[in-house]
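Assemble the dimeric complex from its two separately framed chains, guided by the hints.
Chains as they are written, first to last, in the working numbering: chain G, 1 to 288; chain W, 289 to 590.
There could be a bad hint or two in this list.
Unchecked claim - Partner residues are not named here, just some residues of chain G that face chain W (Cβ under 8 Å, in silico): (1) Tyr21; (2) Asn47; (3) Tyr55; (4) Lys114; (5) Cys122; (6) Phe160; (7) Phe222; (8) Leu227.
Read the hints as simulated data drawn from the structure, not as lab findings.
Using N, Cα and C, we set each Cβ at its ideal position, and we do this for glycine too.
Read off the chains here:
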Amino acid sequence: MAKPKSSSQALSFKRLKPFLYHLIVGGLALAMIYPILWLASSSLKPNDEIFANAYSLIPSTLDFSNYASGWKGFAGTTFGTFFKNSFIIVIFSTIGAVASSALVAYGFARINFKFKNFWFACVMMTMMLPHDVTVIPQYVMFAKLGWLSSFKPLIVPNFFATPFFIFLIMQFIRTIPPELDEAAKMDGCSKYGIFFKVVVPLIVPALVTSTIFSFYWRWDDFINPLLYLNRPELYPVSLALKLFLDAESINNWGGMFAMATLSLLPIVIVFFVFQKYIVEGISTSGLK
Amino acid sequence: MKAVSLRENENVIGYVFTAPFILGFLIFTMFPIVSSLYYSFTEYNLLEAPRWVGLQNYENMFTNDDKLIKSLQVTMTYVFASVPLRLAFALAVAMMLNTVARGIGAYRSAYYLPSLIGGSVAVSIMWTQIFGDKGLFNSALGLIGIESNTSWIGSPDSALWTLIALSVWQFGSSMLIFLAGLKNIPASMYEAASVDGANAIHRFFKITLPLLSPIILFNLIMQTIAAFMTFTPAYIISRGEGGPLDNTLLYSLYLYRRAFQFFEMGYASAMAWVMLIIVGLITLLIFQTSKYWVHYEAKGDK
Numbered sequence: 001m002a003k004p005k006s007s008s009q010a011l012s013f014k015r016l017k018p019f020l021y022h023l024i025v026g027g028l029a030l031a032m033i034y035p036i037l038w039l040a041s042s043s044l045k046p047n048d049e050i051f052a053n054a055y056s057l058i059p060s061t062l063d064f065s066n067y068a069s070g071w072k073g074f075a076g077t078t079f080g081t082f083f084k085n086s087f088i089i090v091i092f093s094t095i096g097a098v099a100s101s102a103l104v105a106y107g108f109a110r111i112n113f114k115f116k117n118f119w120f121a122c123v124m125m126t127m128m129l130p131h132d133v134t135v136i137p138q139y140v141m142f143a144k145l146g147w148l149s150s151f152k153p154l155i156v157p158n159f160f161a162t163p164f165f166i167f168l169i170m171q172f173i174r175t176i177p178p179e180l181d182e183a184a185k186m187d188g189c190s191k192y193g194i195f196f197k198v199v200v201p202l203i204v205p206a207l208v209t210s211t212i213f214s215f216y217w218r219w220d221d222f223i224n225p226l227l228y229l230n231r232p233e234l235y236p237v238s239l240a241l242k243l244f245l246d247a248e249s250i251n252n253w254g255g256m257f258a259m260a261t262l263s264l265l266p267i268v269i270v271f272f273v274f275q276k277y278i279v280e281g282i283s284t285s286g287l288k
Numbered sequence: 289m290k291a292v293s294l295r296e297n298e299n300v301i302g303y304v305f306t307a308p309f310i311l312g313f314l315i316f317t318m319f320p321i322v323s324s325l326y327y328s329f330t331e332y333n334l335l336e337a338p339r340w341v342g343l344q345n346y347e348n349m350f351t352n353d354d355k356l357i358k359s360l361q362v363t364m365t366y367v368f369a370s371v372p373l374r375l376a377f378a379l380a381v382a383m384m385l386n387t388v389a390r391g392i393g394a395y396r397s398a399y400y401l402p403s404l405i406g407g408s409v410a411v412s413i414m415w416t417q418i419f420g421d422k423g424l425f426n427s428a429l430g431l432i433g434i435e436s437n438t439s440w441i442g443s444p445d446s447a448l449w450t451l452i453a454l455s456v457w458q459f460g461s462s463m464l465i466f467l468a469g470l471k472n473i474p475a476s477m478y479e480a481a482s483v484d485g486a487n488a489i490h491r492f493f494k495i496t497l498p499l500l501s502p503i504i505l506f507n508l509i510m511q512t513i514a515a516f517m518t519f520t521p522a523y524i525i526s527r528g529e530g531g532p533l534d535n536t537l538l539y540s541l542y543l544y545r546r547a548f549q550f551f552e553m554g555y556a557s558a559m560a561w562v563m564l565i566i567v568g569l570i571t572l573l574i575f576q577t578s579k580y581w582v583h584y585e586a587k588g589d590k
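Next comes chain W alone, as it looks inside the complex (with noise of 0.2 Å):
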């Protein structure tokens, strides 16, 4: 008897810690997913009530409108070309960093203060500056000889580059995950290699990389994500309309100018749903070839 209720009692009391997350997950989460749904077969204007369209939406999305397709594609771009680069910076900094030197921690300050500040709408401001037609960059280019009026900003080839050098610049915080997951890794793995003969670039891809593949994966994985979500420094960058030539609309702040400032619904619900589906797939099929790629010690295999 006592047994039954102390078990109780433990679930009693785990309920009541976890209530915080558990009403927070079915109401802000839960709840919305579900209604998300349903609107986005819908036609909702959010001052009369939602109206049954079927797939009228998605089918839309698909045939009807050529933004959506481009919006589609300069994400793409933006995510496969920021994704990568971003880590490949993160790596190659993290390993220039993971020795003893005087200032180090000067130096690993400097590299990860752009991403403590990157989200802010102030340096979403600043970057507007340094790649206008008189801003910072054509002035350094000047300096070194190269005339520039362009506004890298303003003109149609560039703009979205802007954008994904503004997310490169901030590889700081993947940097710091790397670097400690370097740190991880015994210097007698080194030294053994080199005995064995091993150069630089035989360490680096027969030690290096294989034991920090778990975290690359979670780093792709997580930076993925979050760049499909990039929204402020597009709104911000081309004052919320995504030009020139819609080549800064970002998937999100193209959902966002048909939820907010156009008042559809219904049509942008569709979009989350299909920007869910793209994000999952991605994630799904990054998880796939992880089979091929990364390492797990645990497994036993040398």
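Next up, chain G with everything else stripped away, as it sits in the complex (with noise of 0.2 Å):
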């Protein structure tokens, strides 16, 4: 950038660059992880201690008691609960929302039916439309079905495919030369057994991702379970965090910053393990 006005200069110019580089870029990276790793070291600070000295992220004692007396719970529902209740809802709604979405996306993206432009411009449709105004009627659809207090507003309405996964999915069909659709179907593959068997191996990547972010939002979902669930041993430990919050004055800060810490966990998890997967799904298909 700067022309060099001596070699000299220049040469030093080149070893500092890479290391301003570093400060700046990575000072604001670690400003951007401090709240995340200043929650994890707070559960493990005593209680006395986690206001005192806020900003520095090393305990004087590593202390494990916050997780203890977080887990319990509250009115004998442990976390244990909670997490079973995050786990069920989470493996169930996937389950549904990853099937249905790659049907539904290689009937989209592979077959010519009547009106199939029309139903698609509703899939884009249902994509940008605000949750708020199907948020009442679903509630009262659900209650006249007498399924609140349970998970089936939570589960069964994913295995109506979800917009985005059919999206991202279609997306990936679309790479997949017709060539191949072409020799199966030669071979007398029935448009079902294409599906299957040549499709599904190759869209693997695809389905791995829509796996992945619907894992995100039902562990972080909060509103749905808010509305539908009424009984703490229902819930998923998303509403159970609020319950912290609930009382009157909040006297376990300890317990509350440890269960936090735990439920962002599994999230944390999955990231570093499938990291390439979930890069690839954002930058192709523009969403969280």
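Encoded structure:
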């Protein structure tokens, strides 16, 4: 960028540049994750130390008692139950969302049927529709079905395909050469056979990406459990964390931090294991 | 004959494959939209049948509900501050990371991680602590010599800005999209411009911004819609109330309170429709203005 005046100056600038780069970019990166590190380290601090020198990341002693006190949960329901609930909801809704979306994506990507464009416009519209518009009638509907206070309203709708996943998997199917479908057809394969035997094995990366995103969204979901679940023994972790705040005056900061940290752990682990898929999924499809 | 039966076949197969979406769309989207419109003209508390009141809900919203006006203001401030800031950070950091350097993968992860966990209750809880009176933020200010005992979360002037900060902190997913876009710009374009004597600022405005503009448009629309829907952090930070002085009463939170705390389903449905209209108008406005600033190569303009 800068025009070197003399060769020695150019040399020192060349040496300095990576150093400056790492100082700025690295420093900013550290600032970004500092709050997360702080949360994790606070969960290991004794209760009276959390707010003294709050900026510090290093606990004077490693104190795991917060994890024990947080895990106890509320009125006899432990975080073991909350985690179990979260996993049940997440696993079933993810299976439903990914499997149904893959079917639908194939239908839109490879089959020409009447009014296809109209239905695809509906997919795009649903993707952009504010959730607030449908939340009340959906609640009324589930209430009339007697589904309140059960996992059904959180799981069943996922079996009817998710627009974002349809879109993502379609993008992927489009990269598969149609000649492959044709060849399978020559061999006497039906469309269903082509889908299961030829397409599904090839779109595994898109299915993995969808699975990860579904996992994240369901794990973090707060408003739907808040609406539909009213007994603490049915709460997922996200909703259970709120219970720490419901007490008149919060007295178990440490326990709350410990459980908040634990609740982030599955997300962070999945991120580091499947980083490649996540980054690709965001870059190609443009959504979180 | 054969061709016709084949085509019919395709139709049947197409509908078999897309049935999950079509059924779901009718049951969970279309039917609710129509019901919501109907409820918005009624008084409905879930226990008794909806009672038709005409336009009364809509009238009350704008003549009789100070909180609604307040929540609209709060939401507009939130959206118009957080979305541009978020995109600006996303682009700036994406440009910094669009280079070959050691540890670039680790940096990318660090910048993205907050977006990944940002929607969770855990992070909202963490935020209440960071911006509390004895929290990390004040403690960090103390380190650079500024003594402060303000509870940023609890003070009416700053409470909304802590929410905005939370949203801006999560610029990582937009950043990854920008980064993918930047990698698609051929280096030869920058080289050619440099040879012509363009400096870094020129190159940014003449090459980077125009070529990224379709991605910026896409991000802008999706993020604006998402920002209007923000609920969880406002709920957690204000313990479900939207305080202090209703300064964090985002529209979605107010709608939730009207519907599920006061059981005014008709009124809340009217609120949802007003929201839909506002979001629709803003999206339309962005699309309309986009022809002046979004550059599509297909058009062939240079």
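Cross-check of the supplied hints:
1. With its C-beta approaching chain W no nearer than about 6 Å, Tyr21/G sits inside the 8 Å limit, and its interface hint holds.
2. For Asn47/G, the suggested interface contact is broken, since its CB lies about 13 Å from the closest CB of chain W, more than 8 Å.
3. At a threshold of 8 Å, the smallest CB-CB gap from Tyr55/G to chain W is about 4 Å, leaving the interface hint in force.
4. The beta carbon of Lys114/G is positioned within 8 Å of a beta carbon in chain W (closest approach about 5 Å), and the interface hint is therefore held.
5. Below 8 Å, beta-carbon pairs count as interface contacts, and Cys122/G has one with chain W at about 5 Å; its hint therefore holds.
6. Satisfaction of the interface hint for Phe160/G is found here, the shortest Cβ-Cβ separation to chain W being roughly 2 Å, below the 8 Å cut-off.
7. The restraint placing Phe222/G at the interface with chain W holds, with a minimum CB-CB distance near 5 Å, inside the 8 Å limit.
8. With 8 Å as the threshold, the beta carbon of Leu227/G comes within range of chain W, its nearest partner Cβ sitting at about 6 Å, so the hint holds.
Consistency note: the structure conflicts with earlier hint 2 alone.
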